[in-house]
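> In the order they appear, the protein sequences are chains W and L.
Residues in the first sequence are numbered consecutively from 8, following the numbering used here.
Residues in the second sequence are numbered consecutively from 39, following the numbering used here.
To be clear, the hints were calculated from the coordinates, so they are not data collected in a lab.
All of these numbers come straight from a predicted model, not from anything done at the bench.
You may find that some hints are simply not true.
[To be verified] For each label pair, taking beta carbons as the anchor points, the in silico distance ranges come out as:
1. Leu-83(W) to Glu-680(L): 23 to 33 Å
2. Leu-83(W) to Leu-336(L): 50 to 60 Å
3. Ala-38(W) to Leu-95(L): 17 to 27 Å
Glycine is no exception: its CB is placed at the ideal position from the N, C-alpha and C atoms.
If you want the building blocks of each chain, they are given just below.
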Amino acid sequence: MTRKRIIARAILAVVAVLASLTVVAWRQSAARAVLAELDAVERELAELAETRAELERAVNAMEARPWVAAEAGRRLGMRPPTEDELVITSGDRR
Amino acid sequence: MKARARERTRHGRIRSRRGLLLLGWLALAGIMIARLVEVQLLERQAWADDALRQHRLTREVPATRGRILDRNGSELAVSHWQARVVIAPHEIEDFEAVGSALETHLGIPLPAAASSPGAERRWHFLPGRFSTTEVASLRRLRGVHIERELQRLYPHDALARGVLGAVVDGVGAGGIEQAMDSILAGRNGREVVARDNEGHEIPGKAVTMSPPTAGLDVVLTIEQDLQAISEKALADALASTGARAGDLVITDPRTGEILAMTSVDGAGQATLAAVHTTFEPGSTIKPFTTAALLRHDLALLTDTVDTQEGWWRVHGRTITDVTAGGWMTLHEVIQESSNVGIARFAERLSPGQQYTVLRDFGFGTETGVLLPGEVAGTLRLPGEWSATSVHSLAFGYEIAATPLQMALAYGALANGGFLMEPRIVREIRDARGEPERYGRPRAIRQVVPGWVTEQLTPVLVDVVDRGTGTRARLSSFSVAGKSGTARATGSDGHYEEGAYYASFGAYFPAEDPELLFFVRLDRPDSAYYGGETAAPVMRSTLQSLLSATRIPIDRGKLARVRRDRPVPAPVQPLARFASTDLTDPEEGGGGEATIPRSSLPARPKMSAVASARPLVLPDLEGATMRVAMRRLHKMGLRVRPEGGGRVVAIIPGEGMEVAAGDTIRVVGGR
Chain W
8 MTRKRIIARA ILAVVAVLAS LTVVAWRQSA ARAVLAELDA VERELAELAE TRAELERAVN
68 AMEARPWVAA EAGRRLGMRP PTEDELVITS GDRR
Chain L
39 MKARARERTR HGRIRSRRGL LLLGWLALAG IMIARLVEVQ LLERQAWADD ALRQHRLTRE
99 VPATRGRILD RNGSELAVSH WQARVVIAPH EIEDFEAVGS ALETHLGIPL PAAASSPGAE
159 RRWHFLPGRF STTEVASLRR LRGVHIEREL QRLYPHDALA RGVLGAVVDG VGAGGIEQAM
219 DSILAGRNGR EVVARDNEGH EIPGKAVTMS PPTAGLDVVL TIEQDLQAIS EKALADALAS
279 TGARAGDLVI TDPRTGEILA MTSVDGAGQA TLAAVHTTFE PGSTIKPFTT AALLRHDLAL
339 LTDTVDTQEG WWRVHGRTIT DVTAGGWMTL HEVIQESSNV GIARFAERLS PGQQYTVLRD
399 FGFGTETGVL LPGEVAGTLR LPGEWSATSV HSLAFGYEIA ATPLQMALAY GALANGGFLM
459 EPRIVREIRD ARGEPERYGR PRAIRQVVPG WVTEQLTPVL VDVVDRGTGT RARLSSFSVA
519 GKSGTARATG SDGHYEEGAY YASFGAYFPA EDPELLFFVR LDRPDSAYYG GETAAPVMRS
579 TLQSLLSATR IPIDRGKLAR VRRDRPVPAP VQPLARFAST DLTDPEEGGG GEATIPRSSL
639 PARPKMSAVA SARPLVLPDL EGATMRVAMR RLHKMGLRVR PEGGGRVVAI IPGEGMEVAA
699 GDTIRVVGGR
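Throw the hints in and build the complete structure from the sequences for me.
What follows is the structure, given as structure tokens:
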């Protein structure tokens, strides 16, 4: 084997090693970027679920008597009826 | 010759130098090999652990604390993620943009200490915690970091806070949060995350070692709407009477379930005083003395005693009434709350009988409610009694009880004599949300036979209809109740001059009770009689809850027990009372009075409820119904319209004096 051929093979081997290392590094950084993106999406999903829960809680609180009665009293002057103003119609039991 | 010898010497020196150098290299190699052996073999585990620590981070995954729900499943306490915002001034590139974003989304400016790159501190925590919605758009800002943490949230703010308690550093403190901490807390999990050479987390490389176990949901017997109604009624009462503090307990006497419980202290804060503070109940104890007399066949309701001129001297002590009753039946003694009368009747009881009945009603022992800090109250053994203890106990002195004990004891009167175990937790919900019953309603004992409570109920109805509790009266339904006024003690254990507890215990409907109320007001400074201050709290609560939709009462039964002919308010119901002065309980006072004779108006009054400023009904004849109703509403009156068109009459009539809150019938005709 001539000296030139030996050098060419050595260079080729170094290039092959470098190329494969580059490919591995590229693949890993790409995978990491995708994972980061996935993480962000998952976090966003969790936040949206939490936001939804917050809004549901707010709706429930605003539908509950403590809020409704206070607001109706403040805005519309509502007062609870006296017992002789009530008409009791149903026999349902809760 | 000489040259050869020199050459040999030089070679020898070189050889020895080589030898030394080799030796040096060998020593160095030896050291390196030794170190290699040390690191790779002997210290292998320690180095491996160190490397793992640098590249992996093991952290706790917080468990979500279980929710606390009301009996209908409405959330009273939940855990949710909240965010803390951390500013890193050294990382910020555009301070103006960060400041404007904070103003817009959080409503707070960028702190001055963090508004320049040369800020002293590397990290600056913004005060407060924010919802994930609020901080969502801040995430992309350089120099703004968001830290999420689980926080306890009470969606209705102050509602039932005394009962619920709080969570401090992840641990329940007070109320249900403390009592049920082991069930609510759950178990934190653990996960391992991989970190890069800069210590940043590598996304997607988290491994869960043990998943967190969420806490279980606790369903209370409390009803949210009823709790809100109670809290409002109590707050209104504190504002109108100037009382320092107050308690209101509502239970279902058939099951012992606590439907609402609220206590407010002097600073307006919710507490659990209904469970951990005691008071001398005063006249609200009289029904139990009567129950003891009836149970042991020592008196009939028609038996009479001479209450003389409203005072009676016994064993060197004078017991007084605010009434000058003369001969009264036991029924009248309760109805008019005569101390002399009940004390004279109580003499028929032996100390053992009196003690046993009071103890059996639950006085002097803890109720066992699932709330922290409950106290037992005081009921001394008969051996420790003085000669006048029998009399004092008969009208509620020398005994101390919590409002909850009083409520449960009244519950026994409403429930055929059965004392029920108090229940505050209804069920536990497992991880799948499946309910699991937590205990069952349980009767502790039957204190008195059913016929005793059957006889007592009409007496208590008369207390409300025409006795000392008329301010609790409903015109369409029967309420059984009893008021009480007792002197309050100061921090030194002695009675405070002019300080009283006003209380009222009642059940509704009297015919077949479903709701039990007990109200206590601490040192009301307007009027201080239980019938004047505590009874209206019960009435307003009852009126509000009748119109609420989720209250656990049988409306069919209400329709059946509704009075066909509404009972009119008694006119001058207590004109027989001579004085409103409450004499020193040390000398036996503590009776009830409402309107002093001297203050009764000359003109006829429609209601026994005296208003501070009497209202005179205007002439509304010929006005439209709408105009008439609006005008009466503005005066603070309630209106019951009958017919339509124009007003032909108002009842009770033009020029009549009425009190705010009275119901006026407006009759229309075409």
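> Decide, hint by hint, whether the structure agrees.
Now the hints, each set against the structure:
1. Leu-83(W) to Glu-680(L): 23 to 33 Å: Given about 24 Å between the Cβ atoms, the range holds.
2. Leu-83(W) to Leu-336(L): 50 to 60 Å: Given about 57 Å between the Cβ atoms, the range holds.
3. Ala-38(W) to Leu-95(L): 17 to 27 Å: Holds, since Ala-38(W) and Leu-95(L) (Cβ atoms, about 20 Å apart) stay within the stated range.
Taken one by one, the earlier hints all hold for this structure without exception.
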